[in-house]
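**Student:** Spelled out from the first residue to the last, the chains are:
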Amino acid sequence: MTPPVNPGEGNLATPTKQETARTRSIPSSIHSFLSSSRFGLVVLLVIGGVSLVGMFIMQNAPPEEYVSRYGGFWGNFLLYTGLASVYRVWWFLVLIMLSALNLILCSLKRIRPSFSQAFSRPKAEDNELLRAGAAVTVEADSSELSHRLARLLKKKGFAVASAKSGADTFVAGQKGGVSRIGFLVTHLGVLLVLAAGAVNGGFGYQHQVPVSVGDTLQVKEIEPSADFGVRVDDFTIDTNPEGQVRDWKSSLTVIEGGREVVRKVIEVNHPLTYGGISFYQASYGQDPSRIREARLLIVEGDSASAALDVPFLVKTAVPGTDVAVEVTRYVPDFVMDLATGIVGSRSGEPRLPAIKLEVTRGGQVLESGWLIMGMDIHGDRGELGRFRFVDFYPEFYTGLDVVTNPGLKLMLVAFGVITVGIFLSFLTYYRRVWVRVREVAPGRSELRVAGASSKHHYSLTQELSEIREFAKEKGKGS
Amino acid sequence: MTGSDVPFFWVALFGYLAATMLFVLDLAFPKRRVGAAAIVALGIGFGFHTTALVVRTVAAGHPPFASMYEYASCFSWATVLFYFILQFGHRPRNFGIFVSPVAFAVIVVASLFPKDVVGQLVPALQSYWLHIHVTMAVLGEGAFAVAFATSLMFLFKERGVGWLPPSDMLDELTYKAILIGYPLFTLGALFAGAVWAWKAWGTPWSWDPKEVGSLVVWIIYSAYLHARITAGWRGKRAAVLSIIGFATTVFTFMSNLFIGGLHSYT
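Going line by line, the protein sequences match chains A and B. Once you know that position 350 of the first sequence is 350 in the working numbering, the rest is easy, because the numbers rise by one and skip nothing. Quick note, the working numbering runs 478 ahead of the 1-based positions in the second sequence.
Next up, chain B with everything else stripped away, as it sits in the complex (with noise of 0.2 Å):
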């Protein structure tokens, strides 16, 4: 059964696409408020992303966590959302236009998922630890999205790219999306993941494909918070580590795919 849900995030998906694209006309011409057009698009596809995935906890009688499709669709609207967070705070020029192809890129990986509802979840997923645990991991990578982003921007800005924002706001608006997200990160996914192994499996840690992903996933945002505070590597390195980071997390997200393991799910 397919979800009610999907016609609200088509919609989301074209106005990610629509956005990315007024992103890059702002960039051409920069005087016709395009990028606020760009922003509003972006903000449109979020209203129905978010509308998609309420309609479908209703539809499906839990949170959107269940399949690829569903934790895919999450992992972008958080992407999103940390874009909207900062971008209110801190304003920095041609933000979005780094972060919506992300966000897009994300929802269109989602987009090829089959899209069924799980209406019955496996006795293992029926725990409240399923909320906790997703929700906060989901947050924590959206955040790093961010962060890949403006990792991202700082390198091309370091390359004499001069319609970006300064590059120590870039270096420090990675290093506070990583500062948010990197809590998240290590609460959901990896003490709240352990508790529910715990009481799911019987064992908090077993060295599960995804448990060792989210574990080299959190070694290297350590890192790079180790690196920034005691070694001063501030600007590039850090900035590397950062995407590093952020492709350690995608290929996690991706790993049951391909390597399989007690967090396969379709």
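Bound-form chain A, shown alone (with noise of 0.2 Å):
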């Protein structure tokens, strides 16, 4: 323990339980072991240290790439340690639940003192502080001065009591108590936030699901005791007038045994929660195996005519013929096997999207083929050779996060608690003053002042002289 300060100025500790006996069990050494704030700081400080390492390390990415990126030396090392996914890693739980042994031990130790002492009044005696202070004397009367003192000292804030002792009066006051057990408040708050990360972690969930425009996620595939289903009926991006991406949002209806129950337009920000289950706007994409509709330009001769605009799977007239074509398949990044004739698409992205049509008179197929969309791979031949696939109007997906979070009401509480017993420490300080006014003469009196403080000691010193100061003043006046 540091000393403060100047003479007739005291530290004001947090109270510990004195330890009486010498030799001790060693169950008992153990727990003052793990119960010492000392401990708990190397503990806190080794957290911070191995959280510190881990955001520069690739985490919980599959085994390969870790050699890949760090070489097998260091690739190993990594996955074998659990720095590859040290926030989940056995030994850092460890650490953290140490942790939290070290608070409820610390804390557990420290309720009873704290308490008698927040809550203590102030005692009006003499102390070794006030012996150890300097003497002033003053041209006052004892009884008169120390009267005075204890108005100010009420008119500061201070619980004040006062005592007469032969020629002394002794006054003392007390202020801020209640800090002292803002540290038990905090304390608990942290606790409360570890138990929420810990139901969070081990019952919540969190899932990407990509859902199709007019498809319904069926919840129970998640969540077995969830029986409803969540219909995305629309998907919207809005830009703004510069034709940047203002945001993006799905409509969705919840439906639950055929009725439909609750519908909610989600977006960034804006989830919609159904059954203690989150539904988050996360992405969207286009769809790898559908488009709202292809656009064809209808070739005549040499010069290309009119465009037409058909929707997927939807027969579509083509006006002035006989003919109606219908867009029966997209590939959105085409590749065909030549052997086989089968096609497929190498990536989900609209690299080289194409379609397949088929034109068709009166029911009957006349040709079927692949048109790639910004390509003549038909020339003028046939049926197909009247089409060019020239641009089409994506069907999105939306990316819906399916989340829930058991323990966040806890949290949330635990963030009050947190902050009240923050301003409870931080906004309040304990300390305790003690006068000592001595009768030497008949208006003349000699004057000591002492206190003591848990923090702000430079403060205190302020405080003290103040009250000096004032007593010298009113010596003056009288």
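Hints in this document: simulated from the structure, not taken from any laboratory. Incorrect hints may have been included.
List time: in silico DSS-like cross-link candidates among lysine-lysine, alpha-carbon distance up to 25 Å [to be verified]: (1) Lys677/B / Lys249/A; (2) Lys677/B / Lys264/A; (3) Lys220/A / Lys677/B; (4) Lys409/A / Lys677/B.
Label-pair distances were calculated between CB atoms; the ranges are [as the list claims (entries may be wrong)]: (5) Ile563/B / Val245/A: 49 to 57 Å; (6) Leu633/B / Glu128/A: 30 to 38 Å; (7) Ala514/B / Trp74/A: 39 to 47 Å; (8) Ile57/A / Gly597/B: 33 to 41 Å.
Heads up, incomplete: computed chain B residues facing chain A, CB under 10 Å, no partners named [said to hold, decoys possible]: (9) Thr529; (10) Gln604; (11) Arg637; (12) Ser684.
Please read these numbers as outputs of a predicted model, since none were measured by experiment. Just so you know, even glycine gets a beta-carbon here, dropped at the ideal spot from N, CA and C.
The two chains are supplied separately, each in an independent frame; assemble them into the complex guided by the hints.
**Tutor:** If you want it as structure tokens, here you go:
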């Protein structure tokens, strides 16, 4: 313990139970080690250090990526030690549990003394600090001066007690006792945060699910106890006048027991919660298996004439002719196996979009084949040669995050508790002030002022000197 | 589109530079009242800086928290704000000579980033939690910056530098600055951040690099407070912890540039 400060000023340390017996049993030594603030500090700093290291290492990636990025030795080292998923590895959780254990033991140890200090009364009596402080002589009547000083302390918000003993009058003041339990409240809050985290980690989940417009997500497949579906009625992307994406939104309908129960348009920051499960607008993308409509150009001789928008899977009559067309398939990144003629997609990205077009007359298929966007692969041969695939309007899917946070309410409570604790500890501070006024002659007093504080010793010094100045001034006046 | 705030910003930058140089001059010629001129220069810079931030808020239609330039600028502004609060509260000698270089360095960092106005916020940022989360976090970090300056002053004082305020005053100024910064940071960076993350991303905590960095910052300042109260670490060791805390704050602030993560903005 570093002593403060000036003579007559003391340090109100956080009280701990006095260790009486020097020879302690092994369990009690372990207990006192685990509950010591030094141990707590070390564990806390180790957690901080490990977390910091984790920032520099790729987390939770597949094992082969570690070997390819960090090399064989270091890659395996990271995987073996758990540094590759450091925030989930068992020894990190053990560190957190040790820290929680320390917090519990350390708080328990301090509950009783802290409460008794917080709610004790000031004691107006002589003490070592008073004896150590410098004495000032003041030209004032001792009882009047002590009255005035008691009033001053009251005005400053102290709880005040006075006592007279022979020629001495003692005035004691105490303030901010409630700050003594602030740290207990904060510790409780931190434990609640950890508990909420454990509940969330143990029982919560987050699944990313792409759902195409018109489809219904059966929540049962994710959470067996939830017997409802979420239908995506629409997905829209809002842009501002400059053409930048402003927002994207999905219209959702909750369907339970065949009935539409809730409708909500969700967007980022505005999820839908139903039955304890939340649906977040996380992402979106183009559906790789279908489009909303394809734009075709109809070729007449050498010149392309009219454009025709053909909805996906809808037989559409070609104006001015007796044929109809239908887009029966779509691939975003066209690839064809030349041996078998099977068409597939290299990727989900629309790099080389293609449609399969069927040309019919009176229900009879005339020709069916693939058109690649922006390419003229059929020349002017056959029925397909009369059409060019020039553009399409994609069908979007919405990327929903299906999430539960069972620890959330507890976490919000914990935040509140910590906030209260921090404000109790920080906005108030505990200090005691003692004054001894000794009558040395009629109308002349010797004044000693002492104080002790848990923190802000510099402010305490100022407060004590204010009291001295006040007394001197009153002395001059009388 | 570069913001119309930028001219004001540059005046602020040079104001802080002028203040730093005047504070040094004041040291060389203590009787010429150069110190007062330095505080005035810092005040003028601060005035222009405030104007720059207001102009930018109006131009962009949202508070200036959407890019590294905007955030760093606010960071520097908050540092000067807490300088003035502590300067007028305690009147420590030669305080500015340590704080103004910090504010100047941070505003120089801000000046290196692109200053284009981000008119269209990405959907995740379109939330009132942006105001709560970032305002409190940046104010907390400004207070930590001042604590860093007073901790440095403390270490210099301990090495026998005579022209600094008494060391117990510096120790307590550090403590006070952290007492201001810690609640702001805890509530703003961590709690408001967690609540917003839950609203926007579905989960309050995802071990994103900036989240981890903020947690480490919080742990270091928590350790500072504990070390001070229960282990009686005052003075040198406390000052060193406060310096490490600020270094981690700066590291966390820059981390998205080289680590990435959910908090990646330009």
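**Student:** All the hints need checking, so say for each whether the structure fits it.
**Tutor:** Quick rundown of the hints versus the structure:
no. : hint                            : result
1   : Lys677/B / Lys249/A             : holds (15 Å)
2   : Lys677/B / Lys264/A             : holds (16 Å)
3   : Lys220/A / Lys677/B             : holds (24 Å)
4   : Lys409/A / Lys677/B             : holds (13 Å)
5   : Ile563/B / Val245/A: 49 to 57 Å : violated (41 Å)
6   : Leu633/B / Glu128/A: 30 to 38 Å : holds (33 Å)
7   : Ala514/B / Trp74/A: 39 to 47 Å  : violated (57 Å)
8   : Ile57/A / Gly597/B: 33 to 41 Å  : holds (37 Å)
9   : Thr529                          : violated (27 Å)
10  : Gln604                          : holds (6 Å)
11  : Arg637                          : violated (19 Å)
12  : Ser684                          : holds (9 Å)
Consistency note: the structure conflicts with the earlier hints numbered 5, 7, 9, 11.
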